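Asker: As a plain string of letters, each chain reads:
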Amino acid sequence: MTRVRRWLPGLLLVSPSIILIAVFVYGLLGWNFKLAMTDKHDEIAEIPGNFVGLENFTGIWSEERWGLSVRHAIVFTVVFVGGALVLGWLLAFLMEKGIRAESGFRAVYLFPMAVSFIATGVVWRWLMNSATGEHAVGLNRLFHYLGLDFLQWQWFRDPDWGMAAMALPAVWQMSGYIMALFLAGFRGVPEELREAARVDGCSEWGVYRHVVLPMLRPVTLSALIILGHISLKVFDLVVAVSGKQIITDVPATFMWTAVYDSHDPAKGATIASYIVLSVAVFVVPYLIWDARKGKRS
Amino acid sequence: MRRRWMAAVAVSVAGLLTLSACGGGDKQESGGGQAARKVEVFSWWTGPGEADGLKAMREIFAKQNPNFEFFDAAVAGGSGDQARALLSSKLQANQPPDTFQGHAGAELQGYIKSGKLESLNFLYDELKLKEVFPQQLIDQISVQGQVYSVPVNIHRSNVLWFNPSVLKKAGIDGAPKTVEEFITDLDKVKKSGKIPLSIGSQWTLVHLLESVLLGSLGTDAYNALWTANADWSNANVTKALENFKTILSYAGSPQDDWQPAAKQVADGEAAFNIMGDWAYGYFHNPPEGGLGKESHKDFDWAASPGTDGTFMWLSDSFTLPKGAPNRDGAIAWLKVAASKEGQDAFNPLKGSIPARKDADQSLYKDYLSWDLEQWASDKLAGSIQHGVVANDQWRQAITDAVGLFQQDNDVAKFQQALVAAAKNSGQ
Numbered sequence: 002m003t004r005v006r007r008w009l010p011g012l013l014l015v016s017p018s019i020i021l022i023a024v025f026v027y028g029l030l031g032w033n034f035k036l037a038m039t040d041k042h043d044e045i046a047e048i049p050g051n052f053v054g055l056e057n058f059t060g061i062w063s064e065e066r067w068g069l070s071v072r073h074a075i076v077f078t079v080v081f082v083g084g085a086l087v088l089g090w091l092l093a094f095l096m097e098k099g100i101r102a103e104s105g106f107r108a109v110y111l112f113p114m115a116v117s118f119i120a121t122g123v124v125w126r127w128l129m130n131s132a133t134g135e136h137a138v139g140l141n142r143l144f145h146y147l148g149l150d151f152l153q154w155q156w157f158r159d160p161d162w163g164m165a166a167m168a169l170p171a172v173w174q175m176s177g178y179i180m181a182l183f184l185a186g187f188r189g190v191p192e193e194l195r196e197a198a199r200v201d202g203c204s205e206w207g208v209y210r211h212v213v214l215p216m217l218r219p220v221t222l223s224a225l226i227i228l229g230h231i232s233l234k235v236f237d238l239v240v241a242v243s244g245k246q247i248i249t250d251v252p253a254t255f256m257w258t259a260v261y262d263s264h265d266p267a268k269g270a271t272i273a274s275y276i277v278l279s280v281a282v283f284v285v286p287y288l289i290w291d292a293r294k295g296k297r298s
Numbered sequence: 004m005r006r007r008w009m010a011a012v013a014v015s016v017a018g019l020l021t022l023s024a025c026g027g028g029d030k031q032e033s034g035g036g037q038a039a040r041k042v043e044v045f046s047w048w049t050g051p052g053e054a055d056g057l058k059a060m061r062e063i064f065a066k067q068n069p070n071f072e073f074f075d076a077a078v079a080g081g082s083g084d085q086a087r088a089l090l091s092s093k094l095q096a097n098q099p100p101d102t103f104q105g106h107a108g109a110e111l112q113g114y115i116k117s118g119k120l121e122s123l124n125f126l127y128d129e130l131k132l133k134e135v136f137p138q139q140l141i142d143q144i145s146v147q148g149q150v151y152s153v154p155v156n157i158h159r160s161n162v163l164w165f166n167p168s169v170l171k172k173a174g175i176d177g178a179p180k181t182v183e184e185f186i187t188d189l190d191k192v193k194k195s196g197k198i199p200l201s202i203g204s205q206w207t208l209v210h211l212l213e214s215v216l217l218g219s220l221g222t223d224a225y226n227a228l229w230t231a232n233a234d235w236s237n238a239n240v241t242k243a244l245e246n247f248k249t250i251l252s253y254a255g256s257p258q259d260d261w262q263p264a265a266k267q268v269a270d271g272e273a274a275f276n277i278m279g280d281w282a283y284g285y286f287h288n289p290p291e292g293g294l295g296k297e298s299h300k301d302f303d304w305a306a307s308p309g310t311d312g313t314f315m316w317l318s319d320s321f322t323l324p325k326g327a328p329n330r331d332g333a334i335a336w337l338k339v340a341a342s343k344e345g346q347d348a349f350n351p352l353k354g355s356i357p358a359r360k361d362a363d364q365s366l367y368k369d370y371l372s373w374d375l376e377q378w379a380s381d382k383l384a385g386s387i388q389h390g391v392v393a394n395d396q397w398r399q400a401i402t403d404a405v406g407l408f409q410q411d412n413d414v415a416k417f418q419q420a421l422v423a424a425a426k427n428s429g430q
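Taken in sequence, the protein lines are chains W and V.
The first sequence: position 263 = 264 (the working numbering), numbered continuously.
The second sequence: position 65 = 68 (the working numbering), numbered continuously.
It is possible that some hints are incorrect.
In silico BS3-like links for lysine-lysine, alpha-carbon gap of 27 Å or less [said to hold, decoys possible]: (1) K116/V <-> K194/V; (2) K41/W <-> K93/V; (3) K35/W <-> K93/V; (4) K41/W <-> K325/V; (5) K266/V <-> K242/V; (6) K171/V <-> K296/V; (7) K116/V <-> K35/W; (8) K41/W <-> K116/V; (9) K426/V <-> K41/W.
The set of hints was computed from the structure by calculation and includes no laboratory data.
Remember, predicted model here, so these are calculated numbers, not experimental data.
Start from the sequences, fold in the hints, and give me the full structure.
Answerer: Right under this line is the structure:
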């Protein structure tokens with residue numbers, strides 16, 4: 002009885018949230034996977050849909066639009082994650098040197114975080130207007146004024162590298178946050194360790210190479226995961242910048258048109274499943290690693 | 004220990020109560036005696052002009068039906084994207100509004116096939132509507148002899164807008180009559196240094212495609228594309244798609260939407276733009292909602308190349324969902340929407356023309372009087388982009404094909420995609 006008394010109150014306390022999460026997160030996730038494995042390709046008709054196994058999952062790869070949206074998502078992810086990591090790291094590195102008015106700079110770089118992707122997208126849609134020459138507006142206009150006309154390009158309308166342009170607003174928005182993460186990481190490296198390295202004759206570069214950077218690995222990993230899952234699910238930014246056009250199609254916008262324009266729930270659920278799975282590729286190894294680390298300590 | 008227990012129980016009970024409270028709220032909303040008199044009219048008319056038109060019809064409704072209360076369930080968003088998403092979830096849950104707006108034609112097919120709509124033949128018979136709407140319109144919106152909606156207005160899709168002074172400078176007199184002439188003219192404009200054809204985002208290309216298909220194939224062949232056993236793989240379609248490719252090669256850089264593309268023509272940067280007749284309001288209206296330009300001088304229009312004598316139409320219409328909570332109220336609304344009085348109140352404000360043949364012509368000026376004339380005399384063809392000839396799946400497949408074509412310019416692949424789209428549409 003005393004044992005029950007020890008764990009039951011705690012369980013009761015968390016049970017509402019356990020139930021809610023079980024139903025509304027995992028329950029609906031399961032329902033989505035189930036729907037993805039049926040042939041319910043009509044939204045309105047009241048047919049339950051027959052089980053077809055993984056047919057939708059394999060069939061979608063023969064669609065040209067799907068291949069394109071996956072390619073776009075990969076280009077976007079590489080540029081966005083890489084760009085935000087490098088820029089954030091660089092900002093933190095400069096900040097860590099103890100510049101004057103550091104807190105002011107920190108606030109300035111963090112501000113974009115407070116803006117929603119939609120607002121960012123609306124502003125950058127104008128900045129990245131594809132008109133060139135005398136009709137140019139936004140960044141192309143700026144290049145024109147600076148006499149850098151050769152830098153004018155189609156931005157997100159470029160057929161090959163448009164998605165790299167699409168990643169720029171995201172980099173702008175998230176690099177300040179990554180800077181904050183890295184700055185905390187830098188500050189977490191004890192001064193004694195650096196001193197010790199210097200005493201042992203290590204150059205300043207060597208201190209970073211062999212002492213600080215290895216200790217930043219966990220921070221880098223968290224940053225990678227945070228950016229990675231944002232990137233694979235990106236939807237609002239793309240819609241705000243270009244709407245639902247093939248030229249900037251990503252899996253999430255494809256899912257949107259599949260459900261609301263083509264009225265094909267099974268296809269939408271299939272795409273949603275792929276998005277969940279691709280995010281899981283990022284998150285699950287991290288969770289395992291985190292759990293192991295917890296056990297060790 | 005005791006207190007911790009109590010606290011835990013209290014918190015979990017509170018949590019459960021919140022849950023059940025959410026569940027209870029829903030039920031109250033749909034029941035209630037008051038709802039019987041309310042008529043919920045679902046539309047996406049919230050913009051300038053269209054909202055005014057809706058208000059004018061609403062006043063007529065209130066005057067004729069003092070025992071019903073009009074409830075405006077409009078959802079904002081151009082061409083009804085958001086509204087339709089909400090609507091289909093309502094219909095799925097069998098909680099339809101009393102009446103809802105939809106593009107007349109194939110866009111409603113999904114609802115019709117799954118039995119969500121009531122046939123309106125009884126209303127057409129009672130009001131003798133088959134005599135006042137053009138016969139071709141009735142034919143094109145009927146499904147197996149049944150009509151499921153009441154068209155309130157008509158818009159025209161195949162309009163070529165152009166800037167007369169840009170044309171003059173390029174040495175072109177008058178709008179091109181055929182697709183071949185159009186291509187020659189585009190080339191002349193290009194040589195004069197202006198943008199030959201302005202385009203907007205992806206959907207405006209689908210809009211352009213429907214005009215090019217109609218202009219290249221001719222009305223009968225175009226209309227045949229939407230019948231059973233249509234042949235999308237023949238050489239004429241290939242030729243039409245080649246024309247589309249050539250025309251697109253003269254297009255300027257894509258703008259964000261149709262308005263900036265139309266503005267390029269008004270500003271004299273571009274010569275031509277193919278857009279529906281809602282562009283007239285944008286060109287003509289005073290600067291709050293439009294560009295304040297003068298017709299025939301700053302901008303002008305003609306039937307899009309090769310389509311003179313054919314009216315590519317689209318129409319907003321109202322329906323009667325099965326299980327409408329207030330069926331009598333909905334029918335009363337449909338009667339207003341179908342009436343001459345209702346349509347003549349709505350259309351001059353919205354900037355469209357009535358579907359009825361007996362409209363009061365003096366109310367429609369400038370572009371609209373030309374439009375009305377054409378509507379009375381032309382052959383009819385239905386729009387793709389605006390939901391007349393292709394159901395949603397088919398239209399989306401065509402849109403995808405156009406988007407992919409924009410990237411690779413491969414006509415053969417484009418045609419294959421269109422053939423597949425027609426086959427898989429289930430229409």
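Asker: A separate judgement is required for each hint: does it hold in the structure or not?
Answerer: Each hint, compared with the structure:
{"no.": "1", "hint": "K116/V <-> K194/V", "verdict": "52 Å, violated"}
{"no.": "2", "hint": "K41/W <-> K93/V", "verdict": "18 Å, holds"}
{"no.": "3", "hint": "K35/W <-> K93/V", "verdict": "23 Å, holds"}
{"no.": "4", "hint": "K41/W <-> K325/V", "verdict": "23 Å, holds"}
{"no.": "5", "hint": "K266/V <-> K242/V", "verdict": "31 Å, violated"}
{"no.": "6", "hint": "K171/V <-> K296/V", "verdict": "18 Å, holds"}
{"no.": "7", "hint": "K116/V <-> K35/W", "verdict": "25 Å, holds"}
{"no.": "8", "hint": "K41/W <-> K116/V", "verdict": "15 Å, holds"}
{"no.": "9", "hint": "K426/V <-> K41/W", "verdict": "18 Å, holds"}
Going through the hint list in order, the structure does not satisfy hints 1 and 5.
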